[in-house]
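Visitor: Sequence lines, in order, name chains L and U. All letters in the first sequence, in the order written, are residues 521 to 913 by this note's numbering. All letters in the second sequence, in the order written, are residues 136 to 222 by this note's numbering.
Wrong hints could be hidden among the right ones.
[Stated by the list, open to error] Here are a few chain U residues that sit away from chain L, every Cβ distance over 12 Å (derived from the structure): (1) Leu147; (2) Pro148; (3) Val151; (4) Gly152; (5) Ile155; (6) Pro156; (7) Lys157; (8) Ile158; (9) Gly162; (10) Asp179; (11) His187; (12) Ile188; (13) Asn194; (14) Leu200; (15) Asp207; (16) Gly212.
[To be verified] Listed below are the simulated DSSO-like cross-link pairs for lysine-lysine, each with C-alpha atoms no more than 27 Å apart in a straight line: (17) Lys607/L with Lys592/L; (18) Lys157/U with Lys588/L; (19) Lys592/L with Lys604/L; (20) Lys579/L with Lys199/U; (21) Lys795/L with Lys841/L; (22) Lys199/U with Lys561/L; (23) Lys585/L with Lys199/U; (24) Lys777/L with Lys852/L; (25) Lys596/L with Lys199/U; (26) Lys172/U with Lys579/L; (27) Lys552/L with Lys157/U.
Keep in mind the hints are simulated off the structure, nothing from the lab. Because the structure is a prediction, the values reported are computed rather than measured. Glycine included, C-beta positions come from ideal geometry on N, C-alpha and C.
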Amino acid sequence: MILKNSTDFLNGYIQIQVEGFFIERFVNSCAKENIRLWRTKKINQSQIYTNISIKDIKKIRNIAKKNKCHIKIKRKRGLPFIIKKYKKRKIFLISCLIIIGLIFALSNFIWNIEIEGNINIKTEEILAQLNECGLNQGAIKYKINTNKIIEQIRLENEQIAWIGIKLEGTNAKVTVVEITEKPDIIDKNEYCNIIANKEGIITKINVTNGTAAVKEGDIIEKGDKLILGWMEGKYTGVRYMHASGNVEAKVWYTSEKYETFEQEENIKTENTENKYSIIINKNEINFYKRLSKFEKYDTIETNKKFKLFNNFYLPIELKKKTNYEYFIQKKKYDETSLKQKIADELEKQMQDNLKDKKIVNKDIIVDKNNKGLKVRLIYEVIETIGIEEKLVL
Amino acid sequence: MNFNKINDILDLPKEVGTDIPKITMLGFNEVLIENYKGILEYEDFFVRICTHIGNVNINGFSLKLNQITDEDIKITGKIENIDFECR
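So that you can see chain U by itself, here it is in the shape it has in the complex (with noise of 0.2 Å):
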């Protein structure tokens, strides 16, 4: 709370001080997550990713996992949905 007021007044990003995760989604072929915690299932054709507030499901085909640091992760691949599981 005393974060978010913080946030207001510097008008810094939601997802710097928190542990909100950031989906960005480049077209069809490519899904950036930054703030994730870690791999939970890695298939071909599904990527399952844990985030702190919540998993976060990647269904396609040929998924490829394009760049992985600590902080985000790159997958690209013919992505068909993304779905979200709410803690």
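This is chain L alone, in the form it adopts within the complex (with noise of 0.2 Å):
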């Protein structure tokens, strides 16, 4: 029954008034005449509602007038009426007409390029390459070759590994996949000395293969030789080798910093105020008139893309400006508090130095004025010194 009501409603049908005193005969004679009359319901004495489909609509005129019955149209329901209401409203029509061929053409270019796995590369660098490349914002999809601009950037840029495009929607996701730049190793079978990379005391010097050129106690510069590689002999002469060995040394880790007594701190409020701006391809387009009505504030911004759908992004960017007021405060600290606190702040500053290592000593040198505080905290580790270098005979 679905399936006819849906094919009556695509071909149109028209919802009938008949009135005459003859209806039973019109009703036979319509169905003699192969017309397909439905939902037929009797009002009173004389009159019936029915339904009937497009194309008998003449014919039944030609029934009713043999039967003496009246005809009067009372609805037009179904698709063909629905498109010929359309048909006036052209400016509609054509507008979506143009709204659906706007997203099929936007669809064709790139507006968003994303880039990720880079650690060390700056981000700029690489869409700059892949501009020259012919990837960039706006550029058509169906022109850009993926596997030649991988191509052409591997070869220019030795820091990178690996480089992956893949283009979703409107967007090209690009990863990358940096070179991790691995020390020097030199083969077993080749003659190198073994230098200091940081200045220090050597506590400890363990040969297993070469000379030692140090001793314990030795105050080292960075490059110094710790563990030569050759061995001199009354009657072998000299001979070289790989030499080999464990270093440690005492090496210090100092940092400082000068405050003054009074300081100025900013304390921040709880008002915020947004403000949001519009960016369409570089232009930018300011939803606010005023500046700020903050004294002071520190501003944030974040950017957001606009996209249909999961990945279709659209060159327009929404940028929101949050500003934070804060206001500044006097402070003042006295001799110990403030040295607490540079030492607190040095100490964070030199915990990522000082990981993994084994720490014998700290110590915390004051220097005083009628102003201020110059803290200087020095550590004292001990760790394990000494790379190899190729040795140029």
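Join the two chains, each given in its own frame, into one complex according to the hints.
Guide: If you want it as structure tokens, here you go:
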């Protein structure tokens, strides 16, 4: 029935009112003429409602005349009538078509380039390189030959080990894998010295191959030779070899900072304000007129790209500026608290350097003048130093 | 007579070749009459249909002629009783 109803809807049908004294005869002759009537309903003695398809309406007029009935069209339903209705509204139709066409046309361009996986190489650098190769914002999608671009970039940029370009919708996803720089590993069969990579005092030296050049308690500079890659014998002469061994040294890490007793501190209030603007192809349109109402504030900008569906990026960006208000408060420190504060800060800075290392001693040196404090933090650390250096004969 | 024999051999449904009407009732709300001749009377509460072997009277409330073609007619509505007038 749904199928039949839907075909009726597609073909279009008319609801009519038939009035007359011989309605049964009218219905019978309709049946004889192969005219389909459906949902016939009697309203009163001489009137019925019935449905009829479009193509039968001319036939039915003749039949009605013969049977002395009157026909009134009550309602026109179905697709042909809807189409007829919208035929008059040309601009609506045209704009619909234009929108569909625009979506199709815009989806042929690249509107967004995402780069991920880069740590040392700057994103701008990769973008510039991509631009040179033809992959830029607004490039036509089917003209982009990803294999060629990948080859070209790998040839030009030696830092990139692997690069992949994936075109998804209007989005180009570029995945970069960088080359991790390995220290030069010298072949076991080649001759080498061991030299210091930091300055310090030798605490322990263990030579398994080669001649020791320093002894415990020696002060060494960076680049000094620790273990020599040759041996001198009385009778054998000089014999070169691959030096190896373990050298430990006391190394100092220092950092210092100067701060005054009287300080100005920025304290954030809870007041924030948002300002929006739209960026269309690098042209910015502001939605705000006035400058910020705050006297002092920090600004944080976030950009968001518009996209349709899942990955149809449009060349429009929404820029949100958030202003955080702060005020300046003057604060006075006494000597001990300031010292503590600076020391804490310095310690935090040095935390990265001191990872996985044996700390022997920690020293804080304070220089005082009438305005402020200069704090010097010294860590004494024992670590293995020494890297291989090729012997040039 | 001859046709009945062929029907028996081929096992065809009886209403196909002959003029005998086939009346199908689905529940109490729907009657389908195939092989009918025409509508004699149609009111909201009463439908009288002419077939080749006699008349069919359908009584009820708010009866609708749901589907009319030259071969079959479907009547829906609250049907109270159906009776036949044999010729």
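Visitor: Take the hints in turn and mark each one as holding or not.
Guide: Hint-by-hint comparison with the structure:
1. Leu147: 25 Å, holds
2. Pro148: 22 Å, holds
3. Val151: The claim holds: valine 151/U sits with its nearest Cβ about 20 Å from chain L, beyond 12 Å.
4. Gly152: Per Cβ check, glycine 152/U is outside 12 Å of chain L; nearest 21 Å; holds.
5. Ile155: Since the minimum Cβ distance to chain L is about 19 Å, isoleucine 155/U lies beyond 12 Å and the statement holds.
6. Pro156: 14 Å, holds
7. Lys157: Answer for lysine 157/U: holds, closest chain L Cβ roughly 17 Å.
8. Ile158: 17 Å, holds
9. Gly162: 15 Å, holds
10. Asp179: Given a closest Cβ separation of 5 Å, the condition is violated.
11. His187: Holds: least Cβ distance 15 Å, greater than 12 Å.
12. Ile188: 18 Å, holds
13. Asn194: Holds, because the least Cβ-Cβ distance between asparagine 194/U and chain L comes to about 14 Å, which exceeds 12 Å.
14. Leu200: Given a closest Cβ separation of 4 Å, the condition is violated.
15. Asp207: 9 Å, violated
16. Gly212: 9 Å, violated
17. Lys607/L with Lys592/L: 25 Å, holds
18. Lys157/U with Lys588/L: It is violated: about 32 Å lies between the C-alpha atoms, which goes past 27 Å.
19. Lys592/L with Lys604/L: 21 Å, holds
20. Lys579/L with Lys199/U: 23 Å, holds
21. Lys795/L with Lys841/L: 5 Å, holds
22. Lys199/U with Lys561/L: 5 Å, holds
23. Lys585/L with Lys199/U: Distance ~24 Å between lysine 585/L and lysine 199/U Cα, so the pair holds.
24. Lys777/L with Lys852/L: 18 Å, holds
25. Lys596/L with Lys199/U: 21 Å, holds
26. Lys172/U with Lys579/L: 21 Å, holds
27. Lys552/L with Lys157/U: Since the Cα atoms of lysine 552/L and lysine 157/U sit roughly 19 Å apart, the hinted pair holds (cutoff 27 Å).
Checked against the numbered hints given earlier, the structure breaks hints 10, 14, 15, 16, 18 and satisfies all the rest.
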